[in-house]
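Could you put together the complete structure from these sequences and hints?
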Amino acid sequence: MKKKFTLEIANPCSENFDQMIPNAQGSFCSSCAKNVIDLSRKTNAEVARFVANNKDQNICARLKTTQLEEEFTQHEISKINTLKYAAVAASILLASNVTGQEKSPVQTEVNVPVPNHAIMGKIAVNQTAEQEILITIKGKLLDAKTNRPLSGKVYPDLTLSINDAQPAMQINPKTGEFSISSMVSKNSEALMITIKSGDYYLSKTIPFDIKNVKKNVLLQNIIINTEELIKVYIAGGLGIIYTEKKVIKEN
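Under the numbering used here, the residue at position 248 of the sequence shown is numbered 248, and the numbers go up by one with no gaps.
All the given hints hold, so there is nothing to weed out.
Below 20 Å or equal to it, Euclidean Cα-Cα: the simulated EDC-like pairs (lysine to aspartate or glutamate) are:
| no. | residue 1 | residue 2 |
| --- | --- | --- |
| 1 | Lys42 | Glu228 |
| 2 | Lys153 | Glu177 |
| 3 | Lys140 | Glu177 |
| 4 | Lys204 | Glu227 |
| 5 | Lys55 | Glu8 |
| 6 | Lys55 | Glu71 |
| 7 | Lys145 | Glu228 |
| 8 | Lys55 | Glu70 |
| 9 | Lys4 | Glu46 |
| 10 | Lys55 | Asp38 |
| 11 | Lys138 | Asp157 |
| 12 | Lys186 | Asp164 |
Ranges between beta-carbon positions, derived for each pair:
| no. | residue 1 | residue 2 | range |
| --- | --- | --- | --- |
| 13 | Ser179 | Glu132 | 18 to 26 Å |
| 14 | Arg41 | Lys215 | 31 to 39 Å |
| 15 | Gly152 | Asn58 | 33 to 41 Å |
If you're looking for bench data, these hints aren't it; they were derived computationally from the structure. For glycine and all other residues, C-beta sits at the position ideal for the given N, C-alpha and C.
This is the structure we're talking about:
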């Protein structure tokens, strides 16, 4: 059975997620002594599965604003059907036992022909190793509309990471300049960039060509539309709104 639901922020939280203590589920908030689950980077299916497993709990979570506009689908298994399947399985098992007691085992002999000859040798496995090199990417982070650095007042403490390299590097707020080292594959055609600024977040790919790397340095400006930066909220109490299924009667 499918149940549809949407998410809402019941109690908005003003705590800074970046100052919390990271853990496997998200981060630990020392102010309220609770784990804040990071749902902002999960798929719709992962969010639905999480909600299904924790629907009776008071959840503190980190969400993208776009996720508040999504409709999620939760799959539920009927308890009646589960019992029905269990009863059928039990009857089959019981029938198998009865049959086994009534019939005596039959002795079976299998003759396997012995091969006249065998070829022995080593199996060769061709593996194509993906070669990676350490390069330094240098450039500027610019606003596509103005071709200037992003405003330091609107987007403070801008950081950039490439291919999930840690730690993320600080972007110069005045010039937009950055310099970051990252391992890249020689066969790769794209780089994954992650930009953060307070509650703003952006993850996207940009084209990459190994031919543009000179002496292990890539000169590459990153130009983005500020509309691409997604506002991320922390919900002190995550509200789950189930959508009622409407039945339309035909005359």
